[in-house]
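A.B. asks: Assemble the complex: chain A is given as a structure, and chain B must be docked to it using the hints.
These protein sequence lines are chains A and B, in that order.
Here the first sequence is numbered in this note's numbering, starting from 2 and rising by one per residue.
Here the second sequence is numbered in this note's numbering, starting from 2 and rising by one per residue.
Hint data in this document are derived by calculation from the structure and do not stem from the laboratory.
Worth double-checking, as some hints may not be accurate.
A pair counts as met if it fits within one copy or between any two copies, since identical chains are not told apart.
Below 25 Å or equal to it, Euclidean Cα-Cα: the simulated DMTMM-like pairs (lysine to aspartate or glutamate) are [stated by the list, open to error]:
#  : residue 1 : residue 2
1  : LYS429    : GLU73
2  : LYS137    : GLU157
3  : LYS239    : ASP22
4  : LYS431    : GLU147
5  : LYS52     : GLU232
6  : LYS239    : ASP210
7  : LYS239    : ASP59
8  : LYS52     : GLU220
9  : LYS52     : GLU229
10 : LYS194    : ASP204
11 : LYS239    : GLU147
12 : LYS326    : ASP266
13 : LYS137    : ASP211
Number of protein chains: 2
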Amino acid sequence: MEEAVKDQNNEKEKQDKEMYDEELLIRALRQEDLDLFRSEFTQLHSYDQAKFFSKVEDELRTRLYHYLSPEEMAELFESLDIDEEDYQEILAEMNPSYAAEMLSNMYADDAVDVLNELDKEQVVSYLTIMDDESAKEIKELLHYEEYTAGSIMTTEFVAISQNQTVRSAMYILKNEAPNAETIYYIYVVDDDKKLVGVISLRDLIISHDDVMISEIMSERVMSVGVSEDQEAVARQMKDYDFLALPVVDFQHHLLGIITVDDIMDVMEEEASDDYSKLAGIADLDSIDRNPFNAAKKRLPWLIALLFLGMITANLIGRFEATLDKVAILAVFIPLIAGMAGNTGTQALAVAVRGIATGDLEKENKLSLVLREAGTGLITGTTCGIVVSLIVYVWKGTFFLGMLVGVSVFISLFVATLAGTLVPLFMHKLKVDPAVASGPFITTINDIISTLIYLGLATLFLNYLI
Amino acid sequence: MEEAVKDQNNEKEKQDKEMYDEELLIRALRQEDLDLFRSEFTQLHSYDQAKFFSKVEDELRTRLYHYLSPEEMAELFESLDIDEEDYQEILAEMNPSYAAEMLSNMYADDAVDVLNELDKEQVVSYLTIMDDESAKEIKELLHYEEYTAGSIMTTEFVAISQNQTVRSAMYILKNEAPNAETIYYIYVVDDDKKLVGVISLRDLIISHDDVMISEIMSERVMSVGVSEDQEAVARQMKDYDFLALPVVDFQHHLLGIITVDDIMDVMEEEASDDYSKLAGIADLDSIDRNPFNAAKKRLPWLIALLFLGMITANLIGRFEATLDKVAILAVFIPLIAGMAGNTGTQALAVAVRGIATGDLEKENKLSLVLREAGTGLITGTTCGIVVSLIVYVWKGTFFLGMLVGVSVFISLFVATLAGTLVPLFMHKLKVDPAVASGPFITTINDIISTLIYLGLATLFLNYLI
Chain A
2 MEEAVKDQNN
12 EKEKQDKEMY
22 DEELLIRALR
32 QEDLDLFRSE
42 FTQLHSYDQA
52 KFFSKVEDEL
62 RTRLYHYLSP
72 EEMAELFESL
82 DIDEEDYQEI
92 LAEMNPSYAA
102 EMLSNMYADD
112 AVDVLNELDK
122 EQVVSYLTIM
132 DDESAKEIKE
142 LLHYEEYTAG
152 SIMTTEFVAI
162 SQNQTVRSAM
172 YILKNEAPNA
182 ETIYYIYVVD
192 DDKKLVGVIS
202 LRDLIISHDD
212 VMISEIMSER
222 VMSVGVSEDQ
232 EAVARQMKDY
242 DFLALPVVDF
252 QHHLLGIITV
262 DDIMDVMEEE
272 ASDDYSKLAG
282 IADLDSIDRN
292 PFNAAKKRLP
302 WLIALLFLGM
312 ITANLIGRFE
322 ATLDKVAILA
332 VFIPLIAGMA
342 GNTGTQALAV
352 AVRGIATGDL
362 EKENKLSLVL
372 REAGTGLITG
382 TTCGIVVSLI
392 VYVWKGTFFL
402 GMLVGVSVFI
412 SLFVATLAGT
422 LVPLFMHKLK
432 VDPAVASGPF
442 ITTINDIIST
452 LIYLGLATLF
462 LNYLI
Chain B
2 MEEAVKDQNN
12 EKEKQDKEMY
22 DEELLIRALR
32 QEDLDLFRSE
42 FTQLHSYDQA
52 KFFSKVEDEL
62 RTRLYHYLSP
72 EEMAELFESL
82 DIDEEDYQEI
92 LAEMNPSYAA
102 EMLSNMYADD
112 AVDVLNELDK
122 EQVVSYLTIM
132 DDESAKEIKE
142 LLHYEEYTAG
152 SIMTTEFVAI
162 SQNQTVRSAM
172 YILKNEAPNA
182 ETIYYIYVVD
192 DDKKLVGVIS
202 LRDLIISHDD
212 VMISEIMSER
222 VMSVGVSEDQ
232 EAVARQMKDY
242 DFLALPVVDF
252 QHHLLGIITV
262 DDIMDVMEEE
272 ASDDYSKLAG
282 IADLDSIDRN
292 PFNAAKKRLP
302 WLIALLFLGM
312 ITANLIGRFE
322 ATLDKVAILA
332 VFIPLIAGMA
342 GNTGTQALAV
352 AVRGIATGDL
362 EKENKLSLVL
372 REAGTGLITG
382 TTCGIVVSLI
392 VYVWKGTFFL
402 GMLVGVSVFI
412 SLFVATLAGT
422 LVPLFMHKLK
432 VDPAVASGPF
442 ITTINDIIST
452 LIYLGLATLF
462 LNYLI
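Chain A extracted, bound-state conformation (with noise of 0.2 Å):
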C-alpha cells in the first residue's frame, strides 16, 4: 500500500513534469532555436503556454511574437490572466498590425476583455486595422455594460432553422465546428432570428437523418436577457447544469451565447469579491509581492474604521467619569465589543450571501429580519447568563455580573439585528450589500455595545460602588 502510494506520486511528478518543461524552452529561446521551440511549445495546452507567457522576461517574450503567428496568440491570449494593467504594456510591445490579427482571432467575447483594459484611441486604431468583419462583432459587444450577460456573451455560435432535417444540421455544424465557442448545444431560430428552439449535439447525433429539427427539438429553452447580472446567469447555469446559455434581446432575438467556461470565471470572481469585502481588502485577485501594493489595497478600510474607531473613543469618553469611579468596568469592555462584533458579522455574512445567491430574493424579506431577531435573542439570552455566572463567580459582585450578562444581551441582540438590517437596506438603496464589510459593521456594533454598557453602567452607578 506504502509502495503503491508512492507509485503514485511518482506518476503525478512526472506527469506534472511532461506537461510542461519551462526550462528547455527557456533555453531554447536564449539560442533562438526556432524549431525546437516551436516543436515543443505548440504541443502545450494553451492555459500552459500563458502561464510559460506571464512568467517569462521581458526580452523573451517579445521574442515570442516572431515565433508565434497572431492565430497561435490569440489562443495563448485567450487563458492569459494578468493584472488589468498590463495588458497596456503587453499589447504596446506588438506590432500594431499583429495585435489586431491577434485580437481578430479570438473568441470575440475575450478579445473585448482585453480591449476593455485599452485607452479609447488604442481601441478604435485596432478595430480600424482589423478585419470588418471581426471588428463588426467586436464593436457590438463592446457597447454591453460590464458585469451584463452582454459582457461575458460570445457572438460565435450554431444557429439553424426548425425546417431543416437532421442530415442538413450536421452539415452546417460540421463547417462551422471551427470557429464556433460551442457546438454541444445548436439554437434553432425563426426566419425573424427569434430563438424558438434548441437542440443537444447528444440528441442530434442520436437521431435519424431525414428527421427534421422541428420534431425533436426542445421549445421550451431557457435564455437570459442581454443586460441581466452575470452573477444571475451563472446561478441559473449551475442550478440548471447547463453547458450554454443563449442571450436574447427584448424581444426574444438571440444575440449570443454563454459558455461555462465564462461562468466558472464569473462564479470565482463573485465568490472572490464577496469574501474580501468580507474580510475588508478592496481587491483580492492576487496575492502581490510587493508590501506597498497589498498596504494600498488594506490602508483605505483601515483610515476609515480608525475615524469611525474614533468615534468609540469620543463616546467612551462622555463615561470618563463614570470609568473614573469604577476602572473595572473598563475590564469588560474588549470582552462585549468583541462579542457584539462577532455577531454582527455572523448574520451579516448570512444576509449578504442570501442575497448574492438569490435565495434571498424568493423569501419575505421581514421573515429573515424576523428570524434573525429570534437567532439574536437566543444566542444573547445564552451568552448573558453564561457571562453574568462567570463574572459573579469571579469578581463576586452579583451586579457587576448582572450588568455585564444585560449588556452582552442587549447587545448580541442589536448587533445580530444590525447585521442583517445594514445589508438589506444598502440592497434596497441598490448599493452593493457587500460594501458593509465585516470591519464595517463589527465597528459599528464596537459602538452600539461600548454604548449600551457604559450607559447602563451610569445609570445604575450606585450599585456599583
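C.D. replies: Using the frame of chain A, we list chain B on its own:
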C-alpha cells in the same frame, strides 16, 4: 428606451411564469388529476421539478411517488438540493423497491451522494434489492473518501480503443449516449484499460469516417488521481476550461470521469465554506427558517470566543491599578483592539485564500511572511501617525498621542503577522486553515493589542499622570 426596458421586464416575468406554474401543479395533485399533473410536470426541467418537490407539503409529496416512475424520480433526485439529514426521511416515505429502482436509475455518483446520508443498514438493504450492475457500480464509488476525485466522479463514460475508425467510434457513441453522463469527450484506452488519449466529439464529427482514432486523438490527455482533493480538481478544470476530466488510478487505469456540472457544485461548496469560516458560522449552506437552528450553528463559536474574551478581561484586570489612575486610557481600548482585529482579518483572508487556490504552493511561504511583515510595517506606521496626531490635537497631551500611536503601530504589525502565521502554521499541521476563522483571529488580536497598549501605559505611567 424606457419603453424597451419595461417590455423586457414583462418578457422576463412572462418567461418565468411559463417555466413553472406551481399553483396548477398543486391543484392537479389535490384533485388527483394524474393526466393534467403529468402533462405539465414531465415538461419541466429536472431542476424545477426538484424545486417543486422540496417545496410541496408532505401529504402531496407522497402522492408523487405514485404519479412518477422511478426513472422520472431519479432525474428529479439528481437535481435535488435539500439538507443532508432530510434524505433519510424522504427515502423512508417511498416503497423500498421503488427507492432502490430510483437509485439504480440515477447517475452512480449522484446515487452515492444520497446513500452517503443513510445508515449503513439501509444502504445495504437498498443495494440488495437493486439490479446487480447498478449495485456494483455504486459499491465501487462508495469506497472513495469524501472530498476526493473518486467521490465526485461517475463511472458512466464512453471509452473506445485507438484501433478503431471514426465510423465505428460514432456507432458506439450513438449507442452509449443515452447512459453516459457526457459524450463530448471520448476517452481512448489500450487493451489494458489504461488511458492513452482523448478526442472531443467536436473533432470526431469533423473527421472523415474512415480515419483511425489513433491518428486524430490527442495523446496529451490530462487526468487526475482518484484520491486527489476535489478542490485541486476543480482548479485544474477551471484553469484549462475542460468540460470533463478523466480519473485514473496509480497505474493510469481509467476509472471514471468528472463532469463540469459537479465541479461547479464543488466550487460553490468550497467558496461558501471559506466564506462561512471567515464569518465564524459552522455552516452557511442554506438560510434556515428556524432561529433555533441558526443559533445552534453560531453559538459554538460565540461561546468559545466568550471564553477567549474572558482571558482578555482577566489580562486587562491586571492593569486595573493603571486604569484606576488614568481613566482616559480605557477610552482607546476598543479603537486599538478593533484596528488590530481588522488588519488581522485582512491578512488572514489573504493567507487562507492563497492556500485554498493553491497559489501558495508554488511560492515560498517565507516570502509571504516577509511580504506581510512589510505590509504590517507600512499600515502600522501610517495608522500610527494618523492616530497620534488626532489624539494629540483632540486631547492636547503629547504623551498620550505618542502612546496610542505607538500602540497602534506595534499592534498592527503584530496582528498582521498573526493573521499570516496562524493559518500557515495550521496548514503545516494539516488542519484546515480556515478554522482560524475571522472571529478567532480577531479575538486573539484583541488580547495581544490590549496587552501591548496597557503594558506600555503601565511602563510609562509617570509621564501620563
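A.B. asks: Please go over all the hints and tell whether each is borne out by the structure.
C.D. replies: The hints, checked one at a time:
| no. | hint | result |
| --- | --- | --- |
| 1 | LYS429 - GLU73 | neither (47 Å within a copy, 41 Å between copies) |
| 2 | LYS137 - GLU157 | within (12 Å within a copy, 43 Å between copies) |
| 3 | LYS239 - ASP22 | between (35 Å within a copy, 22 Å between copies) |
| 4 | LYS431 - GLU147 | within (16 Å within a copy, 40 Å between copies) |
| 5 | LYS52 - GLU232 | between (27 Å within a copy, 20 Å between copies) |
| 6 | LYS239 - ASP210 | neither (32 Å within a copy, 36 Å between copies) |
| 7 | LYS239 - ASP59 | neither (40 Å within a copy, 27 Å between copies) |
| 8 | LYS52 - GLU220 | between (42 Å within a copy, 21 Å between copies) |
| 9 | LYS52 - GLU229 | between (32 Å within a copy, 22 Å between copies) |
| 10 | LYS194 - ASP204 | within (22 Å within a copy, 28 Å between copies) |
| 11 | LYS239 - GLU147 | both (21 Å within a copy, 21 Å between copies) |
| 12 | LYS326 - ASP266 | neither (59 Å within a copy, 58 Å between copies) |
| 13 | LYS137 - ASP211 | neither (36 Å within a copy, 39 Å between copies) |
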